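Asks: So you can see what is in the structure, the chains are spelled out below.
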Amino acid sequence: MFKKILVANRGEITVRIIRACREMDIRTVVVYSDADRCALHVRYADEAYGIGPAPSVESYLVGEKIMEVARKSGADAIHPGYGFLSENYRFARLAREAGLVFIGPPAEAMESMGDKVQARRRMLEAGVPLVPGTPPLEDIDEARRLIAGIGYPVILKPSAGGGGKGMRVVHKEEELASALEGARSEARSAFGDDTVYAERYVTKPRHVEIQVLADNHGNVLHLFERECSIQRRHQKIIEEAPSPFITEETRRAMGEAAVEAAQAVDYSGAGTVEFLVDEQQRFYFLEMNTRLQVEHAVTEMVTGVDLVKMQIHAAAGEPLPYRQEDLRLEGAAIECRIYAEDPDNDFLPSPGKIVALRVPGGPGIRDDIGVFEGYEVPLYYDPLLSKLSAWGRDRAEAIARMRRALQEYVVEGIKTNIPFHQRILREPAFLAGDFDTRFVDERFLPQEEGRPPEDPERAVIAAAILAYWAEERAALKPQAGSDRETSAWTRAGRRDATRRWGG
Amino acid sequence: MFKKILVANRGEITVRIIRACREMDIRTVVVYSDADRCALHVRYADEAYGIGPAPSVESYLVGEKIMEVARKSGADAIHPGYGFLSENYRFARLAREAGLVFIGPPAEAMESMGDKVQARRRMLEAGVPLVPGTPPLEDIDEARRLIAGIGYPVILKPSAGGGGKGMRVVHKEEELASALEGARSEARSAFGDDTVYAERYVTKPRHVEIQVLADNHGNVLHLFERECSIQRRHQKIIEEAPSPFITEETRRAMGEAAVEAAQAVDYSGAGTVEFLVDEQQRFYFLEMNTRLQVEHAVTEMVTGVDLVKMQIHAAAGEPLPYRQEDLRLEGAAIECRIYAEDPDNDFLPSPGKIVALRVPGGPGIRDDIGVFEGYEVPLYYDPLLSKLSAWGRDRAEAIARMRRALQEYVVEGIKTNIPFHQRILREPAFLAGDFDTRFVDERFLPQEEGRPPEDPERAVIAAAILAYWAEERAALKPQAGSDRETSAWTRAGRRDATRRWGG
Amino acid sequence: MPRYMVEQAGIVYEVEVRQRGEHDYTVIVDGRELVVDACAVEEYVCSLIVNGVCHEVHYSQNRDSFSLLISGEHYELVARNRRSRAALQGGAGLVSGRQLISAPMPGRVVKVLVEPGQRVEAGQSLITLEAMKMENELRTPTEGTVSEIAVGEGDVVTTGQKLAVVE
Amino acid sequence: MPRYMVEQAGIVYEVEVRQRGEHDYTVIVDGRELVVDACAVEEYVCSLIVNGVCHEVHYSQNRDSFSLLISGEHYELVARNRRSRAALQGGAGLVSGRQLISAPMPGRVVKVLVEPGQRVEAGQSLITLEAMKMENELRTPTEGTVSEIAVGEGDVVTTGQKLAVVE
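Sequence lines, in order, name chains D, C, P and Z.
Take 74 as the starting number for the first sequence in the numbering used here and just add one per residue.
Take 74 as the starting number for the second sequence in the numbering used here and just add one per residue.
Take 6 as the starting number for the third sequence in the numbering used here and just add one per residue.
Take 6 as the starting number for the fourth sequence in the numbering used here and just add one per residue.
Misleading hints may appear alongside valid ones.
[As the list claims (entries may be wrong)] Partial pick of chain C residues on the chain P-facing surface, computed with a CB cut under 8 Å:
id : residue
1  : C111
2  : V115
3  : D119
4  : A121
5  : G125
[To be verified] Listed next, the in silico SDA-like pairs over lysine to any residue satisfying Cα-Cα at most 25 Å (straight line):
id : chain 1 : residue 1 : chain 2 : residue 2
6  : D       : K189      : D       : R306
7  : D       : K76       : C       : D528
8  : C       : K138      : C       : D455
9  : D       : K145      : D       : D107
10 : P       : K116      : D       : E544
11 : P       : K138      : D       : D399
12 : D       : K426      : Z       : D29
13 : C       : K138      : P       : E27
14 : C       : K138      : P       : Y64
15 : Z       : K138      : C       : R306
16 : D       : K309      : D       : Y155
17 : D       : K138      : Z       : H28
[To be verified] Some chain D residues flagged as far from chain Z (calculated, every beta-carbon gap over 10 Å):
id : residue
18 : D119
19 : S146
20 : D514
Everything labelled a hint here was simulated from the structure, so no lab data went into it.
Bear in mind that the values here come from a model prediction, so they are computed numbers and not experimental data.
Built from N, CA and C at the ideal position, the CB exists for glycine as well.
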């Protein structure tokens, strides 16, 4: 086993990896930019080295600087986390050439899966289902014949195009002729090329992904699925395991397909195969992420497997300690990503100083945070502050726990999307499991707009009391009017102390 | 199901019960003493009512005041937590006479188990094993005969006595005559009565307890054991599930005995049957706690069952949703009780203001806290601040997680026993599972005494830097020398801000 | 007796606050009397018990304006002592014809898309501001002429800082 | 160059601190040079990186005395600028023959077990102090005569408050 691992990342994922290393008695080395000297990952690590200016392109993304720290510190392996250099196969190669173990799949697997065209070809060869499509459609008769082999509905797409232009959804054969004509003419005027092909149109698409785990000895396992259809502008915000939508049969078929996908590229370590699933439970390969996933915690909670430790064991050449039949789905888990953003103001990022922080706890709650009270959230990096996860014996219990944990979560000084999560978790369609990837943008957010806040009276009372305190304070200390430090709290605290000790 | 539950307690256990209620959509009512207006349980509850002065005898222990709040708030059930009125059968009766549901066993079961003599008699009748003993020993021949039926070693105890006086451990028959004579004469001079009896002497005793769960329909389950032998002065401080010591056979036999014990008193709700276990895995009934236990979280973690919710369901008259065969022990869990006390100063209590707090998180960690940053820990109540629990696939992983979680735990302003837990969790005998109830007092603490702290150099460097900062600060602001608010932190923060925005 | 005019979502409430004890108040909202226990438990957090019902109130305050978060609900209110209620009724309003474009968050100016003197349409992007890996286009709410650009590309700005003026 | 005499567990170290940059220091401990990066991350917490190795230091300070907690290890140190090291060598010591018994924690005086003028033996209990459900007996470390009892039964006392004097 490794003696010392360099974690080439920052924030909550670096803290997560340090935790795994510490539990395995492996020393950790981290790197930090000038903006991160006081960040939590530096405080939790065993060793830390600066690597330059705040912008990632001058620090966390510079492979050479990280290799220099690896050499200096005597690390024997590098964990890239996610984001930054985690899917950069050149960096993986650089590390290996320097005699270090890169905790991730072989560079070749990363390269194959990183190139979307190559990835689709490899998956087609391996028999992993892709969204069925046609070659360019020459005429209406050929189009009828080819599309009959796919099944309706289909979407017509210009070969030269992009951005939605020239696309047409066709629900039945009768509509085909006029749609094809329309798509052709629109493609011609938009791209100067009227070549059009058809693809099965995935209605109400779900984003469901399979966690895989492989060792260097040819063993590949899957750890079931994660449901990731709750997205805002294609960004996942809530993830669950298991999916409330797929059947046991689909689960098994997807698991097998994911294992085949991994085997096709000689995969090793942890990876995720992403699929689209349609209303009929047909699933189609989207892409494979050759790294740890943000939402890995929900899988850990329902399987009891520590994915980061498994990555490290696999990278050290150890065989997987489980067989497929050892793994069971226990209960249900859900994760909410806590972002520094303002849900009441178009989700604008909200960097700044966290003046108060209280994380929730109690049964079934896991919090993976990368910040602390007094920390100044820098504006240079991703706004992910924490990942809050909840486990329950079933989905209803997991959601109930998440809801009460969100209510307990206190982050003061910056805005977060916690209230947004609270509202989604009260939404009947979400509770019923009735949603797809367009749910938040097309159904939830529009209905939220202009909704008046509930129970205004409590707010009115609070504002009056706060105004009263402000006046009292101003009367007591006229010179400290604008000083936030001389808050009612300090004053009340002092009063309490007096009374308590006096009595 | 209940609409509104009054939680007649304070601190972390009240927060725990509120969490369960909130997850079940039940409103909560709490009570608070004058010292607790700003306590966490008041902030988390839906309704709160003051019940008088800080000392418990004038507030939390006054059943009538609590009944008055129940009436006023329209609660339909009372959860007593643990401590305070939780084992007071008169209070349970009072509540029931007022038409409220008391979330606990029938008052009769509480009364039977509360009276130690009656409890022993009931257990004897039910066939639950007790420490074997003799009637008073008339002469040496009778003593020889009676003790041969129990087996050596035995302990001779004066019938009239207490406090260890007149007790003699006898390891073999040859020692009996002189020991009996000595015990008699010591008993005579100490108590004026030389009656002496013998009991099997439990060598290396383990404290192992079984969690039981019963409904109002005659169903009784056990949820396996908790190992609670890590005690300081008879106070449990670390608990685990499962016990690293007992065999599967002992586990089953103890579980069955505990179920019999509960059935013997027509038990309902959650309860704990405590046993002593000797080196040969023989076990003896100690007592039954007719309430929730402080250490219930470890059982929840290895079974996935929410014990507080189960208490509420059972009290509402619902049948248990599990059969014994549905319950399985998954992995291992360990709990450390975090107390406000100073382990480096004879464990003196340490009330005061918590000026900084950071709770650990990440995989497998659960924290049940009853305080928050800025809170003044009052001197009137139990010093239990929080219960930190860790789950792992096996005992080694659970301990490794606990160790790293303890390292992350920050409580500033008061002393806690966190460093003490860290040292126990590094102790080879503890890691090997080689301990009994006397381990901490007789083996661990004596060897700790006078141990010099490791790596003094880092402390020397830190002290020099802190002294340097203090001087710098004094030079910059000579008038603010004694003001802790103008700390190096504030200064460094300000500097950082300047640099960051400037660059 | 302090009386306040409190405005929330366009509705104005008349509120009287009478302090009875250390934490004890009687609060009268539009004539309805409530027993309130109010306690400042943390910086920016106060605990209210209104007729027995608990509310944890997270707040920030800017003079008379309060931004509250209670159980995941966000409220914006203005509370003024009756003496100054004339000001409330007067309203802040927009100085018609002159739009101050200020930074809604701290960030780095990535692009300045217009020049002083340039004619702009309502909704046109003026400046691209980057924060936390996201680019945000700042637009003018009204048409007009750019009379001032207060920042340059690459500048780091703080919340509320003036970026441009459109008249 | 600031030089400090730092005492820990009876051993005195000579330490020189040279600030190089905002967080950067060279610290020389008994002639051994170390590269130190020190950063005050929270109130009462500072982060040290000594030759690349991280230490989170939790501290409280009372003039020259420092109480540190690093990775679960507790340290008590005195650090003085060399100019005042004479004072360190002088030592605080006990005024022999006079024992001040003060409260080791806040609590409530449950019982006063002795009277002024009473003769006491070393180890004899003087006062019972209750805090957090525990009763703690406070004893005199030396024999002598109780010259003063500064509190009464039922009094609430704070840490360090004088309870009694034995001479």
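Asks: Taking the hints in turn, state whether each one holds.
Replies: So, going through the hints one by one against the coordinates:
no.: 1; hint: C111; result: holds (5 Å)
no.: 2; hint: V115; result: holds (7 Å)
no.: 3; hint: D119; result: holds (6 Å)
no.: 4; hint: A121; result: holds (5 Å)
no.: 5; hint: G125; result: violated (14 Å)
no.: 6; hint: D:K189 to D:R306; result: holds (21 Å)
no.: 7; hint: D:K76 to C:D528; result: holds (21 Å)
no.: 8; hint: C:K138 to C:D455; result: holds (21 Å)
no.: 9; hint: D:K145 to D:D107; result: holds (19 Å)
no.: 10; hint: P:K116 to D:E544; result: violated (44 Å)
no.: 11; hint: P:K138 to D:D399; result: violated (41 Å)
no.: 12; hint: D:K426 to Z:D29; result: holds (24 Å)
no.: 13; hint: C:K138 to P:E27; result: holds (22 Å)
no.: 14; hint: C:K138 to P:Y64; result: violated (34 Å)
no.: 15; hint: Z:K138 to C:R306; result: holds (15 Å)
no.: 16; hint: D:K309 to D:Y155; result: holds (15 Å)
no.: 17; hint: D:K138 to Z:H28; result: holds (21 Å)
no.: 18; hint: D119; result: violated (6 Å)
no.: 19; hint: S146; result: violated (6 Å)
no.: 20; hint: D514; result: holds (39 Å)
Hint check: violations occur at hints 5, 10, 11, 14, 18, 19; the rest are consistent with the structure.
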